[in-house]
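Number of protein chains: 2
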Amino acid sequence: MALIVQKYGGTSVGSIEKIRSVAERVVELYKEGNQMVVVLSAMAGQTDHLIKLAQEMTNDPDPRELDVLLATGEQASVALFAMAVKSMGYEASSLLGFQVAIHTSRLFGKARIHDVETRRIKEELDKKRIVAVAGFQGLDRRGNITTLGRGGSDTTAVALAAALNADVCEILTDVKGVYTTDPSICPKARKMDRISYDEMLEMASLGAKVLQIRSVEFAKKFNVPIHVRSTFSKERGTMVVAETEDMEKVLVSGVAFDKNEARITIKKVPDRPGIAAKIFQPLFKAGIIVDMIVQNTSEDGKTDLTFTVPKSEFRKTLSMVTQQAEEIQAEKVLGDENITKISIVGVGMRSHAGVAQKMFEVLARENINIMMISTSEIKISCVIDQKYTELAVRVIHTAFGLDDDQGEES
Amino acid sequence: MALIVQKYGGTSVGSIEKIRSVAERVVELYKEGNQMVVVLSAMAGQTDHLIKLAQEMTNDPDPRELDVLLATGEQASVALFAMAVKSMGYEASSLLGFQVAIHTSRLFGKARIHDVETRRIKEELDKKRIVAVAGFQGLDRRGNITTLGRGGSDTTAVALAAALNADVCEILTDVKGVYTTDPSICPKARKMDRISYDEMLEMASLGAKVLQIRSVEFAKKFNVPIHVRSTFSKERGTMVVAETEDMEKVLVSGVAFDKNEARITIKKVPDRPGIAAKIFQPLFKAGIIVDMIVQNTSEDGKTDLTFTVPKSEFRKTLSMVTQQAEEIQAEKVLGDENITKISIVGVGMRSHAGVAQKMFEVLARENINIMMISTSEIKISCVIDQKYTELAVRVIHTAFGLDDDQGEES
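So the sequence lines, in the order shown, correspond to chains A and B.
Our numbering puts the first residue of the first sequence at 1, with every later residue one more than the last.
Our numbering puts the first residue of the second sequence at 1, with every later residue one more than the last.
Rather than coming from a laboratory, the hints here were simulated on the basis of the structure.
Mixed in with the good hints, there may be bad ones.
[Unchecked claim] In the SDA-like style, the derived pairs of lysine to any residue whose C-alpha atoms are separated by at most 20 angstroms in a straight line are:
#1 A:Lys127 / B:Lys278
#2 A:Lys316 / A:Gly287
#3 A:Lys268 / A:Glu327
#4 B:Lys122 / A:Asn144
#5 A:Lys127 / B:Asp140
#6 A:Lys18 / B:Leu50
#7 A:Lys18 / B:Thr58
#8 A:Lys122 / B:Leu318
#9 A:Lys122 / B:Gly143
#10 B:Lys18 / A:Ile51
#11 B:Lys52 / A:Ile16
#12 B:Lys52 / A:Ser21
#13 B:Lys176 / B:Asn144
#14 B:Lys278 / B:Asn296
#15 B:Lys268 / B:Leu318
#16 A:Lys110 / A:Arg150
#17 A:Lys52 / B:Asn296
#18 A:Lys52 / B:Glu17
#19 B:Lys52 / A:His49
#20 B:Lys209 / B:Asn165
#21 A:Lys127 / B:Arg142
[To be verified] Not close to chain A: a few residues of chain B, all C-beta gaps over 10 angstroms, as computed:
#22 Gly274
#23 Pro282
#24 Leu318
All C-beta atoms in this analysis are idealised placements derived from N, C-alpha and C, irrespective of residue type, glycine included.
All chains, please: the whole structure from these sequences, using the hints.
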């Protein structure tokens, strides 16, 4: 008998029919003797619908109240799921964030889980019930409803698995697992059997949106193995686990890309100490996340400073930086929204040299210009012109031996 | 400065625009220096939509989970309302049943309020906030979400007004107040200025659906004056208050009718002790509410027994009774769904004779046959053929001097 935590995403519970299918799948596992804790997202489209309602009311909905509104989505899902299970003749109980209780920080819209109580869930499990927990929601110290941000149900599931010391945490979704790259761009993308937490963090933050980043951080911290797999098949998916030694044998595990950044260059910045701080301070204050930063070698006491920000912050950043540039007497500010950050990720890079070099050569062979480069222990990112995205992903994927020569599995 | 509890029903908050209008009305009162506690129902149609979802899932949705699902309706309303208030530059805070907290019995779908905590609401009021409380919902001793049944938000409002010792409890709705009868049937129906709790209870239970019956019982118990008035105008409505002596001067306060009952007659029942108990026991066991019971004078040791049940229970009751009738060797069972119970209500009846007689005469003058009669201290009910409903209401309304000769107010 195992204690299994499963999380089903919005598309997996997108209709009454689909919720019923999920209930059947869960009941099957329950009948095999497993204890089941099931975390559900809101039905597909529901969260967007609620956000639209709020925006019809006001341009700038109050964050506390927006969380109260959004939390209804998952509440409806767990109620409908528990009804489905009971209509099949099995016992079930839905639990909301406050009933579990899932304690979080007070940062409405992106709260962090502090602590998960287990008493009530264990009582329900002891009564042989299937427990359905509303994902994405918690409550702060004053009893206000909070939400965990997009994909927050993943984190709910991992936090529950950690607190309950579950045997496995399964994330069921509309893809079969974590792929070496996006199959819609690269038909030869291969489903990975395993990936380490650190690789997954790099993949997720680089644009492969299978898991919420925070859920992977949580899983790493508490060493919870995550099984990412399809809601619509029984096939094994991808295990996200702690790094093992043999993982280092693989040079590159995956190729990620992100079209949601924009690039800003300040030309001919007077190169004196403290100048970067002066430029970036207002951005940090405004909560704008600067990703890559590159500073060219100084020439005649002048340097070019280039950095990337989320595309959604591009206009705002451009106007702030233009003002700063004038003050520090830089020459001019250039902006470019048509860029892609393409990255290779792999723990094998730690012990192998020449990986970066190979990536640069592959891109050069296709005449793709590299605008910016940044590296970490287990990833290399290059910013390129957006129009080359698909080509670059495919040639890098092939060059690092990631292609599935059997073609996509059916 | 007054502490005002207001409740807005589903049609009053039926759209984003309407919620905004309600917020404006509440802010206006707040600006006049009043403390505002606002109870909201789900947006019109939302509860029905949720029930439909549940019924798509299963014919017989689990009551606990149905309450979890239904409670999302009021949750959305209070969140949107609080957003609206804040977008106007005033402070507001939504509170759900568990946050207040509103403690109820465990009878899912028709829970009764046991106790209302006031600490959190008072804290919010002390912070000069407008407090929006989700109607219709509470929680039981184990922290399960409960709902109070159709119209339950009225009871939430009255319970809050009682607990907070509010100066007034206003029920804002899509009609201008409580009328002497249904204006859609009788154009000369008049809005009452005042009605006693007991009269209102009789009116409500007889089919004039302005207030949930339980909210009136609650108001009577705690002597909370209720002001029923329109959301869409500033006009005074109807005060539902404790009885005063001068109320007895009015013979009849209103005419109510109910088309939702059906009549069953058992012909030639052997008239011996215990026979009625034998017939009704299985009905009581099945939770069927028997309203009027009439037993004719016995003839040759045989009697006719007639009673009414809710139309929704008619078929079920008929088959149960037919079985009983055979066992006790009664002659036959007759059923009739096309009946109306028409009633006159007034505390004045206590001190005036001849009221019943007048009602019978008025109906006789129109050749309307009376099938059953039942009376209480402050009401007289007659069952008649349904096709005469409108005619009967109008002639009785006129006969007891209830007509508004100025015609309907504009």
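Checked hints:
Distance restraint check for A:Lys127 and B:Lys278: the Cα-Cα separation of roughly 40 angstroms exceeds the 20 angstroms cut-off, and the hinted pair is therefore not satisfied. Proximity of A:Lys316 to A:Gly287 is assessed by CA-CA distance (about 11 angstroms); at most 20 angstroms being required, the pair is judged to hold. Between A:Lys268 and A:Glu327 the alpha-carbon distance is near 13 angstroms, which keeps this suggested pair within the 20 angstroms criterion. The suggested pairing of B:Lys122 with A:Asn144 holds, with an alpha-carbon distance near 16 angstroms, which does not exceed 20 angstroms.
Of the pairs offered as hints, the one joining A:Lys127 and B:Asp140 holds, with about 19 angstroms between alpha carbons and a cut-off of 20 angstroms not exceeded. A threshold of 20 angstroms between alpha carbons decides the hint, and for A:Lys18 with B:Leu50 the separation of about 17 angstroms falls inside it, so the pair holds. A distance of roughly 14 angstroms separates the Cα atoms of A:Lys18 and B:Thr58; the hinted pair therefore holds under the 20 angstroms criterion. Of the supplied pair hints, the one linking A:Lys122 and B:Leu318 is violated, its CA atoms being roughly 47 angstroms apart against a limit of 20 angstroms.
Of the supplied pair hints, the one linking A:Lys122 and B:Gly143 holds, its CA atoms being roughly 15 angstroms apart against a limit of 20 angstroms. A distance of roughly 18 angstroms separates the Cα atoms of B:Lys18 and A:Ile51; the hinted pair therefore holds under the 20 angstroms criterion. This hinted pair checks out: B:Lys52 and A:Ile16 have alpha carbons roughly 11 angstroms apart, not beyond 20 angstroms. For the proposed pair B:Lys52 and A:Ser21, the alpha carbon gap of about 19 angstroms is at most 20 angstroms, so the pair holds.
Distance hint between B:Lys176 and B:Asn144 is unfulfilled; the C-alpha atoms sit about 36 angstroms from each other, more than 20 angstroms. With a C-alpha separation of about 17 angstroms, the suggested pair B:Lys278 and B:Asn296 falls inside the 20 angstroms cut-off, and the hint holds. About 16 angstroms separates the Cα atoms of B:Lys268 and B:Leu318, which keeps this hinted pair within 20 angstroms; it holds. Between A:Lys110 and A:Arg150, the direct Cα distance comes to roughly 8 angstroms. Compliance with the 20 angstroms bound is thereby established for this hinted pair.
A hinted pair counts as satisfied when its Cα atoms are at most 20 angstroms apart, and A:Lys52 with B:Asn296 does not qualify at roughly 64 angstroms. A distance of roughly 14 angstroms separates the Cα atoms of A:Lys52 and B:Glu17; the hinted pair therefore holds under the 20 angstroms criterion. Taking the CA atoms of B:Lys52 and A:His49, the gap is about 19 angstroms. The hint holds against a cut of 20 angstroms. Of the pairs offered as hints, the one joining B:Lys209 and B:Asn165 is violated, with about 26 angstroms between alpha carbons and a cut-off of 20 angstroms exceeded.
Between the alpha carbons of A:Lys127 and B:Arg142 the distance comes to roughly 15 angstroms, so the proposed pair stays at or under 20 angstroms and holds. Its beta-carbon lying about 41 angstroms from the closest one in chain A, B:Gly274 satisfies the requirement of being farther than 10 angstroms from that chain. No Cβ of chain A approaches the Cβ of B:Pro282 within 10 angstroms, the least distance being about 28 angstroms, so the stated non-interface status holds. With 10 angstroms as the threshold on Cβ separation, the claim that B:Leu318 sits away from chain A holds: the shortest Cβ distance comes to roughly 29 angstroms.
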